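Chemist: For reference, the chains in residue letters:
There are 4 protein chains.
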Amino acid sequence: MDGLKYAVRKEGQETTCFTVGNLCVGRDFLLIAGPCSVESETQIMEAAKWVKACGANVLRGGTFKPRMSPYSFRGLGREGLLMLEKAGKEYDLPIITEVTDTRDVEFVAKHADFIQIGARNMQNFSLLEEVGKTNKPILLKRGMTATLEEFLNSAEYILSSNNSQVILCERGIRTFEPYTRNTLDLSAVPALKTLTHLPIIVDPSHATGRRELVLPMSLAAVAAGCDGLEIEMHPTPEKALSDAEQQLTGEGMLQLAEKVKKAVEFRENL
Amino acid sequence: MDGLKYAVRKEGQETTCFTVGNLCVGRDFLLIAGPCSVESETQIMEAAKWVKACGANVLRGGTFKPRMSPYSFRGLGREGLLMLEKAGKEYDLPIITEVTDTRDVEFVAKHADFIQIGARNMQNFSLLEEVGKTNKPILLKRGMTATLEEFLNSAEYILSSNNSQVILCERGIRTFEPYTRNTLDLSAVPALKTLTHLPIIVDPSHATGRRELVLPMSLAAVAAGCDGLEIEMHPTPEKALSDAEQQLTGEGMLQLAEKVKKAVEFRENL
Amino acid sequence: MDGLKYAVRKEGQETTCFTVGNLCVGRDFLLIAGPCSVESETQIMEAAKWVKACGANVLRGGTFKPRMSPYSFRGLGREGLLMLEKAGKEYDLPIITEVTDTRDVEFVAKHADFIQIGARNMQNFSLLEEVGKTNKPILLKRGMTATLEEFLNSAEYILSSNNSQVILCERGIRTFEPYTRNTLDLSAVPALKTLTHLPIIVDPSHATGRRELVLPMSLAAVAAGCDGLEIEMHPTPEKALSDAEQQLTGEGMLQLAEKVKKAVEFRENL
Amino acid sequence: MDGLKYAVRKEGQETTCFTVGNLCVGRDFLLIAGPCSVESETQIMEAAKWVKACGANVLRGGTFKPRMSPYSFRGLGREGLLMLEKAGKEYDLPIITEVTDTRDVEFVAKHADFIQIGARNMQNFSLLEEVGKTNKPILLKRGMTATLEEFLNSAEYILSSNNSQVILCERGIRTFEPYTRNTLDLSAVPALKTLTHLPIIVDPSHATGRRELVLPMSLAAVAAGCDGLEIEMHPTPEKALSDAEQQLTGEGMLQLAEKVKKAVEFRENL
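Chains as they are written, first to last, in my numbering: chain A, 1 to 270; chain B, 1 to 270; chain C, 1 to 270; chain D, 1 to 270.
Extracted from the complex, chain A is given alone in its bound form (with noise of 0.2 angstroms):
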C-alpha cells in the first residue's frame, strides 16, 4: 500500500466524518435504502417512505442502470434521477444513484445528495476523477476482482482529484462458489480499518444475492465494524425490473433496521 498518500490512515488517525444535512458520515451509522432501480414516481415513493419509516438515513435508487446485456432494463436515466430527487425532498431523505459516465457527473452531482461509483467502474479512472472534481460525497464500490489494494488506490483518484469525502463499499468478490451471487469479503472491514482514515459501509444485497441471507449478514457487517449499510428495498420485489432475488420488502427492510439500530448499540458498548 505503499503508493498512498490521502487514503492511508496515519498512526492514531480517526475515521474521517463529513456531513449531509443532519447526517454525520463516518460517526451516525449509514443506512442506505432503497430499490435497486427507479421505475416509476409511485414505486420510488412508495419505497421512500418505507425507508424513511424504518428509520434509514439515505435513500438510494438506481438510475443509469449498468448491465451485463444490452437489451435489459437499463433504468430511467435523467428522468428517473428527478423522480428520486422529489422523493428525497418529499420524504426529507438524502439521495444516493450511481453514475456510469463522465458526461453525466455534472446533472448527477446537481440532482443527487451522495454519488454512488459502482463496482464495474472502480477502474474507470475518468470517472474517478470527474466525481473528484465534484463537492459531493462518493461511494465507491469494490470492483468484483479488486484487491484492497487496488480499491485504496481508486479512492486515491478521487482524494487526489480534491475530494476528500469518499465512502467504500464492500459488496462482494467474485469466486468459485454458485451459491451466493457474490462472496462477500467482511474481512475487508477490518483490514480497511486498520488500512485508511475513510469510512467503510457493506452491501449485503448484492453481496449475497438471496434475500434471506441480507438479514444475517447485515448483523455480521456490524459486528465486523463497519459504518453502514446499503440495502436493496422494493415495496413489491416480485414485480422489480432488476434483482428481484435479493431486495428485501418493506417490511423485511423494517425488522432489518431494527435490529441493525439494537446491534450498532450493543457494539458501542461492547
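Among the hints, erroneous ones may be present.
Each pair may be met inside one copy or between any two copies, as identical chains are not told apart.
[To be verified] Pairs of lysine-lysine residues, derived as DSSO-like cross-links and limited to a Cα-Cα distance of at most 30 angstroms, are as follows:
no., residue 1, residue 2
1, Lys239, Lys5
2, Lys261, Lys86
3, Lys259, Lys10
4, Lys259, Lys49
5, Lys261, Lys136
6, Lys89, Lys52
7, Lys133, Lys110
8, Lys239, Lys89
9, Lys89, Lys262
If you're looking for bench data, these hints aren't it; they were derived computationally from the structure.
In this text the structure is predicted, and so the values were computed from the model without any measurement.
With chain A held as given, fit chains B, C and D onto it using these hints.
Modeler: What follows is chains B, C and D alone, placed relative to chain A:
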C-alpha cells in the same frame, strides 16, 4: 444439493445436538481454543490453563500437521496426542486433534474426544469413511476451494458411514486477495443453516491469518449465526513453530472469550 | 448465452472478416506488436521499425494508460497518439491504441485504425456504445474476471450500436496463482470459436506478465486456434515506463514472429 | 520456491528421464489414454484395443474413484485393477491407475506400472510418502486450487521419500468461469519447465470437461512444451458411468493421436 440423504435439513428440523461430557454441541456455544501445534508438554499445559481460564469448552492442538513442505515442522504425532490428552485431563477439557491418515484413526479415536478433518482432506473419502466408523464427533473443515455442495457431500460420507455427529467448519476459501491468508466466507453460515441441520462453526484464525482480524471476525461470525468458534492461541505466539502470525496470546484469548460470550447472549435476545 | 442477437455464431456461419488497408482481419493472421506505452517519438519510431521488420501487421502503443495508482505514468494522451500515428505512417502500419473515456473516442477514431477497449473497461457500457458508433474496428479485451457470457454480451453492446467490426481478445483472468500476472485461459479460444463468429486473438504479454513465457504461450495460442496475437515489445524493455517485465526486445519479437508464422502454416495443413 | 531440494531445476539441468519397459518418460512423448473408469472386462478390453491402435503408450483406467457424492459409482476397486492389468498385458501396454488410500498402495504398486495421485489428494501427505516408498513412477496431478509452489512441494514429498520417478500433470484449476469444468492453466507448463527438471504432462479432459475442447487444447499443450498428455476415451462415451461429457470416442482418439504426433514432430523442428 439433490443427492443428500442425511445432511439435508428437512422442513422444520432443528439443529442436531449431541453431548460430549457436559457439553451439548449444537445447543451450547462451542468455543474451541488452543495452539496450532502441540510443541511440548510444558507448552500445551500452559495453553490449557489459558483455555480453561477463558471459559472455552474444548482444547485443540495439532499433532499430525499437514504442511506444504516436507521439511517444515510436522507435529509430534502420537506422542503429541498423549501430551494433549494429559493436558485435557488436567484441566477437565475435552480435546480435539486432526487426523490425516486412515491408519491413525483408531489411535486418535481412542485418545481424543473430537476428531478433526482438515481442509486439505475434505475430499479424502477413505479418511471420511474411516472416521465415520468411529463413535467420536467429527469436525469437518471446508476445503479451500470447496463449494457448499461439495462440503455437504463430504459430510454425507461420514453420516452414511453411520456416524451422525458431524460439525461443519468454515475456515476461509482461496481467492485472488493477498491481504488475508484466505477469504472468510461468512455467508456460508446462514446459507448452510438453511441447507443442513448440522452445527456450523467458524475458524477465523486460518481464514484471516492475521491476529488483529481474529476478534472482529469472531464477533461477525457470532452475528451471522454460527454455533461455535475455533481459535488458535499460544502462550508465546512469537515462539510458535507454526502459524505464528495468527495465534492469539493468552490475554488476547481472554478478551475474545469475554466479548464472544456477550455477543452470543445479545444474539439470543435479539 | 441466450440473450445474444448479433454475437452468436449461427450454424455453419464463418468467422467474420473485415478489411483494414491491405489486411483482412479474421482471415489473415493478425500480429499486433509494439510497446506498452508510447514514451517519445524516438521510442515509438524505433519500435515501429522492429515491428515492421518482423512482419507484424499492426503497431500498438498505449497513450491513455489505465494505471492502478494515480501517481504512475499514465501515458502521453492525445500527443502520444499523434506520435503513434506518425510512426504508423512512416512504416506503413495500421495503428491501435486504447481509449478509456467517451470524450476521447472521436479523437481516437480520427487518428487510429483500430480502437482498443481494455480489460478494466470491458463493462464500461457507455464507452462500448460510444465506440460502437464509430466505423473503426474495435479490439475488445476480456475483463479480468469476466465470464465468456459477459464477454460476449459486451461485444453485443458494440454490435448493437451498429459497429460489426469487433475482435475479441483473451488476455488472462484473475485467479489465486501468484506466479503469473494473470492466468491465460486458452480454452476460451476454442470455446468462443463455437459460440461466436467474431475473430479471437490472444495477448500472452499481459496474461503471463513474464517475458520468458510469451513465446511458448504464443505458440500454444496459435495451436488452440486463435486468429491473431497482441504482443508487447520495446526497443529497450529495461527502460520501459510500464510493464518492463513482460515486454520483448526487438530481437525477441523477430524470433517470435518467425516461429508464429511457421506455426500458423503448420496449423493450416494439419 | 526456496525450500525445494530435489524438485528444483539446477542451471543447465536436463529434464529427468526414466524407463518403463520400452518407454523412456521425459524423452518419448507420453500419450496416456483410456476410460475414466474401468467398468467391465469387456469395456476395458475394447478401450485398450483403441488405445493400442492409436499409438498411445500407456493405458489408463480408474478403479478407485474419488467422487463428490458417496452414492455415485466409485469404481470396481481391486477387481477393476486386475481387469486393467489383464487388458494391459493383452495389448502390451503399461497401465496407470489412481490410488487414494495408503492401505491400497502396496496392491496398486504390485499390479500397475504407474501410480496416479489425483488432484484431490495432491496434499494428502501420508499418501505421497507412501507412494514415495514404492519403485513405481508417480503421476502427480495438480490440485484444483494449488499454486505452483504447493505443487512442487508435493512432488518434493515423493522425491524425498526416495522415489525419483515423478511426473507432474496440469489438469485445470478452479476459477469463476462456469463454461469449462476447470480452467486449464497452460502457462504452468513453460513456468514449471523453468522451475523443475521433472517431466510435465497435461490432462485436457478434466481441465475442460467438454469433448470438443480436448483436441484444440491437446495441440496447445504440445505447443506450450509439455512432455505428454493424458486423455480420457471410452468405446461408448454415452454409456460411461462417469465423466460422459468429456470422454473421446475411439475414432476421436485416433484423430487426436495422429495430430498430436505431427504437432510433436513440428515442435521438435521449430
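Chemist: With reference to the structure, classify each hint as holding or not holding.
Modeler: Here's how the hints hold up against the structure:
Within a single copy, Lys239 and Lys5 get their C-alpha atoms only as close as 46 angstroms, which misses the 30 angstroms cut-off; across copies the closest is 26 angstroms, which meets it. Taking the shortest alpha-carbon separations for Lys261 and Lys86, only the intra-copy value of 27 angstroms comes in at or below 30 angstroms, while the best inter-copy value is 46 angstroms. In this homomeric assembly, Lys259 and Lys10 come within 30 angstroms of each other (Cα to Cα) only across copies, at 28 angstroms, whereas the closest approach inside a single copy is 33 angstroms. For the homomeric pair Lys259 and Lys49, the shortest alpha-carbon distance inside one copy (19 angstroms) is at most 30 angstroms, but the shortest distance between copies (37 angstroms) is not.
Taking the shortest Cα distances, Lys261 and Lys136 sit within 30 angstroms of each other inside one copy (26 angstroms), while across copies they are farther apart (42 angstroms). In this homomeric assembly, Lys89 and Lys52 come within 30 angstroms of each other (Cα to Cα) only inside a single copy, at 11 angstroms, whereas the closest approach across copies is 57 angstroms. With identical chains, the CA atoms of Lys133 and Lys110 are at most 30 angstroms apart both within one copy (13 angstroms) and between copies (28 angstroms). For a Cα distance limit of 30 angstroms, the shortest separation of Lys239 from Lys89 inside one copy, 25 angstroms, qualifies, whereas the shortest one across copies, 57 angstroms, does not.
Taking the shortest Cα distances, Lys89 and Lys262 sit within 30 angstroms of each other inside one copy (28 angstroms), while across copies they are farther apart (41 angstroms).
The structure meets every hint from the earlier list without exception.
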